[in-house]
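Line by line, the protein sequences are chains A and B. Be aware that the first sequence starts at 130, since it is given in the working numbering, and climbs by one per residue. Be aware that the second sequence starts at 130, since it is given in the working numbering, and climbs by one per residue.
Take these hints with a grain of salt, some might be off.
No copy labels: a pair is met if it fits in one copy or bridges any two.
[Claimed, not checked] Straight line, CA to CA, 25 Å or less: simulated DMTMM-like cross-link-like pairs of lysine to aspartate or glutamate:
#1 Lys513 <-> Glu146
#2 Lys521 <-> Glu146
#3 Lys513 <-> Glu572
#4 Lys564 <-> Glu481
#5 Lys521 <-> Asp173
#6 Lys653 <-> Asp186
No lab work stands behind these hints: they were computed from the structure.
Protein chains: 2
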Amino acid sequence: MEGLMQQQPLLISTLLEHASRHHGATAVVSRRTEGGFFRTTWRDTAVRAHRLAHALDGLRLAPGERVGTLAWNTHRHLELYFGVSGSGRVLHTINPRLHAQQVAWIVNHAQDRAVCFDLAFLALVREILPLCPHVRHWIALCEDDRLPADTGIAGLASYEALLGTGTARYPWPALDENSASTICYTSGTTGPPKGVLYSHRSAVLNAYAAATPDAMNLSARDAVLPVVPMFHVNAWGMVYAAALVGAVLVLPAQALGGEALYELIEAEQVTFAAGVPTVWQGLLDHMASRELRFTALGRAMIGGSTCPESMIRDLQERHGVQVIHAWGMTETSPLGIVCTPKREHLGLAADEMVALCAKQGRAIFGIDMRIVGDDGHELAWDGKSCGELQVKGPAIVRDYYGNTEGSPLRDGWFPTGDVATIDAQGYVQITDRSKDLIKSGGEWISSVALEAVACAHPAVKYAACIGVAHPRWGQRPVVVAVLKPGAALGRDELIRFYEGKVARWQIPDDAIFLDDMPLGPTGKVLKSALRELVASRAPPRSPG
Amino acid sequence: MEGLMQQQPLLISTLLEHASRHHGATAVVSRRTEGGFFRTTWRDTAVRAHRLAHALDGLRLAPGERVGTLAWNTHRHLELYFGVSGSGRVLHTINPRLHAQQVAWIVNHAQDRAVCFDLAFLALVREILPLCPHVRHWIALCEDDRLPADTGIAGLASYEALLGTGTARYPWPALDENSASTICYTSGTTGPPKGVLYSHRSAVLNAYAAATPDAMNLSARDAVLPVVPMFHVNAWGMVYAAALVGAVLVLPAQALGGEALYELIEAEQVTFAAGVPTVWQGLLDHMASRELRFTALGRAMIGGSTCPESMIRDLQERHGVQVIHAWGMTETSPLGIVCTPKREHLGLAADEMVALCAKQGRAIFGIDMRIVGDDGHELAWDGKSCGELQVKGPAIVRDYYGNTEGSPLRDGWFPTGDVATIDAQGYVQITDRSKDLIKSGGEWISSVALEAVACAHPAVKYAACIGVAHPRWGQRPVVVAVLKPGAALGRDELIRFYEGKVARWQIPDDAIFLDDMPLGPTGKVLKSALRELVASRAPPRSPG
Numbered sequence: 130m131e132g133l134m135q136q137q138p139l140l141i142s143t144l145l146e147h148a149s150r151h152h153g154a155t156a157v158v159s160r161r162t163e164g165g166f167f168r169t170t171w172r173d174t175a176v177r178a179h180r181l182a183h184a185l186d187g188l189r190l191a192p193g194e195r196v197g198t199l200a201w202n203t204h205r206h207l208e209l210y211f212g213v214s215g216s217g218r219v220l221h222t223i224n225p226r227l228h229a230q231q232v233a234w235i236v237n238h239a240q241d242r243a244v245c246f247d248l249a250f251l252a253l254v255r256e257i258l259p260l261c262p263h264v265r266h267w268i269a270l271c272e273d274d275r276l277p278a279d280t281g282i283a284g285l286a287s288y289e290a291l292l293g294t295g296t297a298r299y300p301w302p303a304l305d306e307n308s309a310s311t312i313c314y315t316s317g318t319t320g321p322p323k324g325v326l327y328s329h330r331s332a333v334l335n336a337y338a339a340a341t342p343d344a345m346n347l348s349a350r351d352a353v354l355p356v357v358p359m360f361h362v363n364a365w366g367m368v369y370a371a372a373l374v375g376a377v378l379v380l381p382a383q384a385l386g387g388e389a390l391y392e393l394i395e396a397e398q399v400t401f402a403a404g405v406p407t408v409w410q411g412l413l414d415h416m417a418s419r420e421l422r423f424t425a426l427g428r429a430m431i432g433g434s435t436c437p438e439s440m441i442r443d444l445q446e447r448h449g450v451q452v453i454h455a456w457g458m459t460e461t462s463p464l465g466i467v468c469t470p471k472r473e474h475l476g477l478a479a480d481e482m483v484a485l486c487a488k489q490g491r492a493i494f495g496i497d498m499r500i501v502g503d504d505g506h507e508l509a510w511d512g513k514s515c516g517e518l519q520v521k522g523p524a525i526v527r528d529y530y531g532n533t534e535g536s537p538l539r540d541g542w543f544p545t546g547d548v549a550t551i552d553a554q555g556y557v558q559i560t561d562r563s564k565d566l567i568k569s570g571g572e573w574i575s576s577v578a579l580e581a582v583a584c585a586h587p588a589v590k591y592a593a594c595i596g597v598a599h600p601r602w603g604q605r606p607v608v609v610a611v612l613k614p615g616a617a618l619g620r621d622e623l624i625r626f627y628e629g630k631v632a633r634w635q636i637p638d639d640a641i642f643l644d645d646m647p648l649g650p651t652g653k654v655l656k657s658a659l660r661e662l663v664a665s666r667a668p669p670r671s672p673g
Numbered sequence: 130m131e132g133l134m135q136q137q138p139l140l141i142s143t144l145l146e147h148a149s150r151h152h153g154a155t156a157v158v159s160r161r162t163e164g165g166f167f168r169t170t171w172r173d174t175a176v177r178a179h180r181l182a183h184a185l186d187g188l189r190l191a192p193g194e195r196v197g198t199l200a201w202n203t204h205r206h207l208e209l210y211f212g213v214s215g216s217g218r219v220l221h222t223i224n225p226r227l228h229a230q231q232v233a234w235i236v237n238h239a240q241d242r243a244v245c246f247d248l249a250f251l252a253l254v255r256e257i258l259p260l261c262p263h264v265r266h267w268i269a270l271c272e273d274d275r276l277p278a279d280t281g282i283a284g285l286a287s288y289e290a291l292l293g294t295g296t297a298r299y300p301w302p303a304l305d306e307n308s309a310s311t312i313c314y315t316s317g318t319t320g321p322p323k324g325v326l327y328s329h330r331s332a333v334l335n336a337y338a339a340a341t342p343d344a345m346n347l348s349a350r351d352a353v354l355p356v357v358p359m360f361h362v363n364a365w366g367m368v369y370a371a372a373l374v375g376a377v378l379v380l381p382a383q384a385l386g387g388e389a390l391y392e393l394i395e396a397e398q399v400t401f402a403a404g405v406p407t408v409w410q411g412l413l414d415h416m417a418s419r420e421l422r423f424t425a426l427g428r429a430m431i432g433g434s435t436c437p438e439s440m441i442r443d444l445q446e447r448h449g450v451q452v453i454h455a456w457g458m459t460e461t462s463p464l465g466i467v468c469t470p471k472r473e474h475l476g477l478a479a480d481e482m483v484a485l486c487a488k489q490g491r492a493i494f495g496i497d498m499r500i501v502g503d504d505g506h507e508l509a510w511d512g513k514s515c516g517e518l519q520v521k522g523p524a525i526v527r528d529y530y531g532n533t534e535g536s537p538l539r540d541g542w543f544p545t546g547d548v549a550t551i552d553a554q555g556y557v558q559i560t561d562r563s564k565d566l567i568k569s570g571g572e573w574i575s576s577v578a579l580e581a582v583a584c585a586h587p588a589v590k591y592a593a594c595i596g597v598a599h600p601r602w603g604q605r606p607v608v609v610a611v612l613k614p615g616a617a618l619g620r621d622e623l624i625r626f627y628e629g630k631v632a633r634w635q636i637p638d639d640a641i642f643l644d645d646m647p648l649g650p651t652g653k654v655l656k657s658a659l660r661e662l663v664a665s666r667a668p669p670r671s672p673g
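Throw the hints in and build the complete structure from the sequences for me.
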């Protein structure tokens, strides 16, 4: 027997219309890539998204066709999020930090028919132009009078000219909620990138989950700053969730340095911001050097890679900012596992609370998870058994776009490639990426655990641990560290720092110091580069 | 083009499994109708719901068949919420405060095949028994050894015997999320009751919306007390939302008096409770008489009828409890309009904040609304234009069960029968039920506005205003009041209290004092009874 409730699809356009109708006067503030700020409202954001949808009709982009973006977090990217998906096309957010060859590969694989780009990426666009013959429209995200002459891009249009000045409301189509809304490629350090094709349904369900108190805890009283780029996994769902609750949305464009972020957070009285640890570290370093304080920021979501305990302490104890540690990936929309306390944790001592916050957290409704051993059997939630984390839910990938190999799922579960424990309360601790685990003498060593020890040393700013081939032990761990400005630390001193903190055979054989950590396009440490670097050096000594 | 995310239906069983897997040790505490408490967990609640589902299979109840409940808020009713709907049957929550004839009519209209009832309702069941020949199974919600002898109910079974002691997991069916999960009848003061047939999808979406910070703001740190009965509109969605976030759930059974509620709230350190104004008034009266304080309660949701400003002040200013005023109805699942401040309201003075909280609130994502004039045209959101509130969304009714008349919708909108204004910020103020409006001399008078004035008098406990037929003016307002214990107030004094507070022609012609207010089965004032009472008296004087 069918229920008798109204049939209304879950659509990205309904998020925008909700914000426009019920939070029309609420601010949307964007730094402009060309300088200064663009201050608008949800109501006027909707007006411009309507105009954009009309313009896409004018370009004769068929339903389902892909529109690529190479863009920072700005109001125009925001309009593209809603106008492209809402009108039935598929938004393809491209990471502009990738190499031109990779960008071209992704544009071609997704068969983008239009590409919208910030002028900052003009040189990149000119590089990929001859490699992407199927792109029919190149659109620069700028005013018409800022369009450079002689770009060599035939038919290059400015976004603002395209938008025009009409104000006719666009009749958002009543799409099937399972239709594709967005595609985002994994950065794929091994093998070619893989496209994750989100649906309207997955976007709206993920936004509901993101807004709940145990995740981002978003309300109409918040001002929300996605430091995480909008070309990464739907900006972690913050754009959709901000519309769902009618929060003020603050967009930082390319200004992701500590000083610019601090000024923006203070000027707009941001209450919630989210980004990777390296971005937070830059912000905290800037604040420490000037003895600055937040006046409004209440919550910091940190994900992308494991947040060091020292950063949790700095934010929570020194700055009074609640750290919300989270885990997700391109394949999970991305929100799934978030670290917020349960009722039983409310009486924890400060140190115990920091230890809890250092875990990646627990499953928010909409995601289910398990850990699986090498033999494919589910492992116990005892905080000790360590296996591959697998997830499922309506906002988890079931297949990659254009995948010609077998299904990525195993028994309906998506294998994340992360290795984790789950404790009896359901809190996940990622112990490593399976490919980053170090196998020494037949035993696994967690690179994440070794990195946490190094990061706890007061002189260390960043640390990464890798396994280096060893004739007897298979692999041996090596720690690579970047020191804080002005700090001094010797190789032997750092190695001795591990004594008593990990098992003797897990202590790194060598310590290497770099001026800067090689980062991949998503801001994560590029361990492949570290492995090449270390492989070119002398073999490490044997363990004692 | 279809998205490539996992296809997982939104099902009530997934709410329970989430709570069981990820919040298994979290408490569920229920007062027992037979005395004492039943303390369990979400994990064991799931075990018993699994057993129940097996038992329903054993009774050969087909998918979609209705299982009625005549029950207070207890752990058994909770298990029925999940076990009946989760296994593919339709839970029919029946209001046991209705007259036996009405209960029998509803049971027959819904074609209930089984009815589960608290022993407190045995007399009622014996009355309806001969009227409901199609009910195949009568199940008493008690242990087997408490089953009374000689009930006259052939084949009467106890719930606990039915559940048995097996622990086999029940394989919840992968239902279509649009299939019916629950049916609830409107109390229908005019015309026969109407059945609203919820779907799994509407229940889960409503639970997501309920959990968000701008609605109930529920997390795994809460202990949640649904004072509102589980036979009213899904207990306002609190049961599902508590499972979604893994909150402690506290169930009060039949003990809804001020003293019992206060003791339960304190004993279980309840942080969030929800109920109608009369229940809150009873609680506040008890606390005032003993000078009691809450030690954990942080939020009170008040709905069902308009919450007087005096109650908002009492809770917020005296007790430090945030009042969350809300509006909904059986047809809206019920959550839709909730009063929480926006960012722009954070600096309001206390009095302004009380005035804001006295409004019913704004639309939470998932509901859209409009007000419509007599001519069917949408009215402005200016806080003045007053018209019928209409709503739509995926958790709003599209038709009644077994409806043989036309669709209740108008252009896709559900007409609520409530008359309201909406201000520029999107806040709704219900000015009246359309049938309760008083029309005097061709002008409308809001009964709610007149009641608010009387309730502001320190001697008045409850007040209701009705229109009484008048030969010259059509109708004239009359106020009916119940005084606080020990308070004294004269007819003329109460009428004079209106001077300067409403227009002169709106001042009630008469004031009548009762010892108790006649309440309908949902706890609302029975204005039909008041009209009969007043009609039997002398005609009121003419306005000055």
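Structure-based check of all given hints:
1. For the homomeric pair Lys513 and Glu146, the shortest alpha-carbon distance between copies (23 Å) is at most 25 Å, but the shortest distance inside one copy (47 Å) is not.
2. For a Cα distance limit of 25 Å, the shortest separation of Lys521 from Glu146 across copies, 13 Å, qualifies, whereas the shortest one inside one copy, 30 Å, does not.
3. For a Cα distance limit of 25 Å, the shortest separation of Lys513 from Glu572 inside one copy, 15 Å, qualifies, whereas the shortest one across copies, 73 Å, does not.
4. For the homomeric pair Lys564 and Glu481, neither the shortest alpha-carbon distance inside one copy (30 Å) nor that between copies (58 Å) is at most 25 Å.
5. For a Cα distance limit of 25 Å, the shortest separation of Lys521 from Asp173 across copies, 24 Å, qualifies, whereas the shortest one inside one copy, 37 Å, does not.
6. Taking CA atoms no more than 25 Å apart as the test, Lys653 paired with Asp186 passes in neither setting, with 38 Å inside one copy and 53 Å between copies.
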